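Novice: Now for the letters of each chain:
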Amino acid sequence: MGATASHLGKDLLSEYQELTFLTKQEILLAHKRFTELLSREDKNLPEPRAPTEAILTLPELKSNPFRERIVRVFSTSESRDGLTFEDFLDLLSAFSDSATLEIKSHYAFRIFDFDDDGTLDENDLEKLVNCLTGETDDTRLTPDEMKQLISNILEESDIDKDGTVNLSEFQHVISRSPDFVSSFKIVL
Amino acid sequence: MSGGSQPVATISRTTARRHKSVRKNSRRIYSHYQDQQHGSSDDEDKEDGRVDSNDPEEMFQNIQYQKEIIANIRTRPWPMRRKLKVLKQAREIVLKYEGRLTRTRGYQAAGANLLKKLSRLLYNIVVLFIPWEMRIKKIESHFGSGVASYFIFLRWLFGINIVLTIMTGAFIVLPELLAGASFGTTRSKTIPKEQFSSAQDLDTIWSLGGYLQYSVLFYGYYGRVRKIGSAGYRLPLAYFLVGMAVFAYSFIILLRKMAKNSRLSLASASDENFTFCWRVFCAWDYLIGNPEAAESKGAAIVNNIREAIVEEQEKKKDTSLAVLISLRILANILVLLSLAGSIYIIYFVVDRSQKLEQEKPELTLWEKNEVSVVVSLITMIAPSAFELVSQLEMYHPRTSLRFQLARVLVLYLGNLYSLIIALLDKVNIMSSAIQVVPGNWSDPSSFLATISQPDEESLSTLVSEMYLSGIKNDSMSTTTTTTTTMATIATALDTGSVFSNASAGKNVLVAWTNHTALFEKNARSQQDPCWETYVGQEMLKLSIIDMIFTVASILLIDFIRGLVVRYLSDCCCWDLESKFPEYGEFKIAENVLHLIYNQGMIW
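If you read the sequences in order, they're chains E and A. For what it's worth, my numbering labels the leading residue of the first sequence as -18, then goes sequentially. For what it's worth, my numbering labels the leading residue of the second sequence as 10, then goes sequentially.
Check the hints yourself; a few may be wrong.
Unchecked claim - One side only, chain A facing chain E, incomplete, derived with CB under 7 Å:
1. Tyr159
2. Tyr295
3. Pro300
4. Met556
Keep in mind that the hints were calculated from the coordinates and are not lab data. Since we're looking at a predicted model, the values are computed, not measured. The beta-carbon is built from N, C-alpha and C at its ideal position, and this holds for glycine as well.
Looking at chain E on its own, in the form it has when it is part of the complex:
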């Protein structure tokens, strides 16, 4: 059922339109950009999978601190490495302008959950903040600040006081934020 690398079938196109929040032009543009990422041998496979390194060279993802997590979350392969075109469309749909708050918050939760265990615990939060603050030493937070920050976050959002933030608590916090929806966007 995959698309041949060079041409997207018309009924498949309309199905993709049905299943994602993207317009027809956006899907065609995504297809073009995706096939540019594939290597020559891969292009002839029935369901080509672009490797992670190639995807990370996309200018829209290159500067994003969560780029590796994003690729991992949307990947459907066994080793969570590389995206098929349909995964790529899922990614763009979740990050598109018209996606609902729920889809976005669901995927945001999965992106922030570094150990994939279904909750955000202290290690996840620490890794998250370190991703945000950058690599160099003078931008990172000191351990004291980190501890203070994490305890404040948990104090604000952990309703059942189990020491972790689960999906519904996360969605509750996110739904109250006025600028989450507009900042959680990627457009090709």
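Following the hints, complete the assembly by docking chain A onto the known chain E.
Specialist: This is chain A only, laid out in the frame that chain E set:
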């Protein structure tokens, strides 16, 4: 689908239930996301198990349910593979059982399908036509969505102004052009003869005189006739109604946009304050595609977090209250003083321009544009001054931003109002000056007769009489008569050595020439006693100069500053990029306020 575990009978799904099912779903997916096959096979059983009933009503409802699934499938956080499978199944079921239903229901469904297809097609097309969409997306990727929101606001304002232009143009300008009295016929439409020779000078065009003044741009052009043209189009009525319609339209559009936005930001009204969570979870702007912007955003986030931490700690600290309060009072006094000062300056400048107009026949470029230049200068300089002052106050940055915006808003409003009031005052004075001169100067010859026997007293009374006497409507004849009378009086004076105090007479003559000059001015202005034109000219000049100033300030202050900082930072001893001059920052809030100020001028 775990949502399908509810019985078919309760088909009336409310959105709450749908959301609940999505959430249940997502949690289930999440913890089992390795076992996707398990999940989907589960669904298949449930799907088939449900459509066994032969009851047509139930079947129809079931089909509606499947269609709802199809419509909402994109809101499920599933991978594409799964969505495709579910879609296929749902469509199969619909196709299989739809044939059994009556024809009308089938048509209904087909109609809905067609409508959906059409709306999708329309949406695809409409997206192409939104102007500047690509550019704004590029800006978004370089600088983040905050800056892009400024441009989106600008685009929206532009749309409103275009609609206003079309409304005004269609209902007022076009009829006047097509059916109204043409150029040169009525008095308000002709350029007076003495202005004719200079009508095409750059100077005149700059101050919107000449051809521009006597055109459809300004109110003075439009005739007073009740109906114009062969169809009897009531122009004055149209003018009034279009004015009302313009305001009503703007008001309605504003309300609509406000309502839409308030729905989105309903969250900020609640008391819940998740500052730390938001600063970590919602901080990153995923649209940034530029490494420099990403770095600066990262630094901003770190600062943000550190600020929040420090604030948390400082809540316990005790600042010396007295010093703080006295500093704040001082700052407020300064701000109030500067606001009052700016209002006074504007009034004074308009007043002065009026006096200048009365005294000198020819004004320099500066004096003509003084009002607009002064207003634009104030609007540019004052916000920076306010920012400096607010550093005294040591508020939390968000509070100080709010104060700053409030002060700048009061400044803009004050400027606009005082400008309008000063202009109206000026107009009042001008029109009352014209009315000071009643009476008739019908026959210059009778005056000449009386001049022939002057003596000092009668000359002064003569002069005062002439001062108070009326001006003829035709300024041309006035000037000729005045020049002739002046000539005759001069000859009379010269030959009249009867006068003992010839010098006194000459003084009187000089005073009189001054008054005549005043008369000539008034005469000229009575040609167009239309104050609306005058106010319109001032406003337009203000807009143009404001635009020039903004462009110039962007070029000079930001662009050159950027160049200097980038290229000279190597030769300078301290790092120009992070200390004093730095790159100019795009102050979103203040620029948005400036946009609103411009729109206020337009309205």
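Novice: Which hints from the list above does the structure break, by number from lowest to highest?
Specialist: 1 and 4
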